[in-house]
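Engineer: Sequence:
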Amino acid sequence: MSEILFDEIPSLDLADFTSGDAERKAQFVKRLGEAYQNIGFIALRNHGLSDELTKKLYAATKAFFALPDNVKQTYEHPELAGQRGYVGKGKEKAKGFNTGDLKEFYHVGQELSEIPDSDPIKAEYPENIFPAEVPEFREVTLEAYRKLESAGKQVLRAIAIHLGLEENYFDEKVTYGNSILRPIHYFPIENPDSVPADAVRAAEHGDINLITLLMGASADGLQVLRRDGHWIPITALPEQVVVNVGDMLARLTNNKLKSTIHRVVNPPRELMHTSRYSIPFFMHPRSEMDLTCLESCIDEKNPKAFPDATAGEYLTERLVELGLLKKS
Numbered sequence: 001m002s003e004i005l006f007d008e009i010p011s012l013d014l015a016d017f018t019s020g021d022a023e024r025k026a027q028f029v030k031r032l033g034e035a036y037q038n039i040g041f042i043a044l045r046n047h048g049l050s051d052e053l054t055k056k057l058y059a060a061t062k063a064f065f066a067l068p069d070n071v072k073q074t075y076e077h078p079e080l081a082g083q084r085g086y087v088g089k090g091k092e093k094a095k096g097f098n099t100g101d102l103k104e105f106y107h108v109g110q111e112l113s114e115i116p117d118s119d120p121i122k123a124e125y126p127e128n129i130f131p132a133e134v135p136e137f138r139e140v141t142l143e144a145y146r147k148l149e150s151a152g153k154q155v156l157r158a159i160a161i162h163l164g165l166e167e168n169y170f171d172e173k174v175t176y177g178n179s180i181l182r183p184i185h186y187f188p189i190e191n192p193d194s195v196p197a198d199a200v201r202a203a204e205h206g207d208i209n210l211i212t213l214l215m216g217a218s219a220d221g222l223q224v225l226r227r228d229g230h231w232i233p234i235t236a237l238p239e240q241v242v243v244n245v246g247d248m249l250a251r252l253t254n255n256k257l258k259s260t261i262h263r264v265v266n267p268p269r270e271l272m273h274t275s276r277y278s279i280p281f282f283m284h285p286r287s288e289m290d291l292t293c294l295e296s297c298i299d300e301k302n303p304k305a306f307p308d309a310t311a312g313e314y315l316t317e318r319l320v321e322l323g324l325l326k327k328s
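For the sequence shown, our numbering assigns the number 1 to the initial residue and increments by one for each residue that follows.
Simulated from the structure, these hints should not be mistaken for laboratory data.
Don't take every hint at face value.
Stated by the list, open to error - SDA-like cross-link-like pairs, simulated, lysine to any residue; straight-line CA separation at most 25 Å:
hint	residue 1	residue 2
1	K153	P10
2	K122	K56
3	K122	R318
4	K153	L237
5	K147	S50
6	K62	R318
7	K62	K122
8	K122	K55
9	K25	G164
10	K153	M272
11	K62	E149
12	K89	R263
13	K91	L325
14	K173	P192
15	K30	K62
16	K173	K91
17	K122	Q154
18	K173	A81
19	K55	P267
20	K91	S113
21	K153	D51
Make the full structure from the sequences, and use the hints.
Structural biologist: Structure, rendered in structure tokens:
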């Protein structure tokens, strides 16, 4: 497949893949493959999230982050390595950076009541934590979680076809996977001189997981690093979600599919006092998934680039790098 330098991320329609029309489905897979082998990002419509649900989710998110810091901190549990509940301002830093990002966020994972008792994965996950002060937060986050998980499964099926695998290759690997919905608040900075000079909303990084589905953010700032070294802005229409390749999928495919570095830059100084909200869904597999590079992605030009690891082992390694988990 020839290399392409995209000036903007390609826009795809998930309805093409699920239409039952073989030609539309094949075209979707082709365009997805081109995007993921070159820039690692797409904008996706017909993903299943309604405008009404999106508005409710953002309203609940803003209501929570508007609470006083001392109230939000009651939902912070460091012993969970940030995997459920609130994570405070500046606590997370990108790999290779010492300064924390200018953000706070909340994590919602699999709802344990929905996992069968017979599945051993249930014992691996902590209970979700929900804020009593915003009672609607629970319902809307869990509904968005299910919708984005469902859309993510369809994208993974298209990826499997592109890789020459069985269409359902990822299905059992992501059933009750360790996926996370993360409402983020990039909080206002009233005095820009009060923060470290190198502090940004989100320093350049790659995502840990298989794929990320990002609901439209409330302000500009997201940028992706193109292969030629240029940063290009990521923009999506209100009805689209941005879907990008994560590091686990890059490992599995020996970098055939690109987990592209991206960042959220600070706004102009005169707008630093404003908030930005964004809600990514990090689609993770079950911890036992083998991330060993696929044989079909290894050849003389592309020798195996990664050591063997399970998804759980790799996640632990990255949580330590992010500062969310202390080395044991």
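Engineer: Look at each hint and say if it fits the structure.
Structural biologist: Results of checking the hints against the structure:
1. K153 - P10: holds (19 Å)
2. K122 - K56: Since the Cα atoms of K122 and K56 sit roughly 29 Å apart, the hinted pair is violated (cutoff 25 Å).
3. K122 - R318: holds (22 Å)
4. K153 - L237: It holds: about 22 Å lies between the C-alpha atoms, which stays within 25 Å.
5. K147 - S50: It holds: about 9 Å lies between the C-alpha atoms, which stays within 25 Å.
6. K62 - R318: violated (28 Å)
7. K62 - K122: With a Cα-Cα distance of about 30 Å, the restraint between K62 and K122 is violated, given a limit of 25 Å.
8. K122 - K55: Cα-Cα ~31 Å, so violated.
9. K25 - G164: OK: K25 and G164 at ~15 Å, within 25 Å.
10. K153 - M272: violated (37 Å)
11. K62 - E149: holds (23 Å)
12. K89 - R263: The given pair, whose Cα atoms are some 17 Å apart, holds under the 25 Å limit.
13. K91 - L325: Within the cut-off at roughly 11 Å; holds.
14. K173 - P192: Violated: K173 and P192 sit about 44 Å apart, past 25 Å.
15. K30 - K62: violated (38 Å)
16. K173 - K91: violated (30 Å)
17. K122 - Q154: holds (24 Å)
18. K173 - A81: holds (23 Å)
19. K55 - P267: Given that 25 Å is the threshold and the Cα spacing comes to 23 Å, the pair holds.
20. K91 - S113: violated (30 Å)
21. K153 - D51: holds (21 Å)
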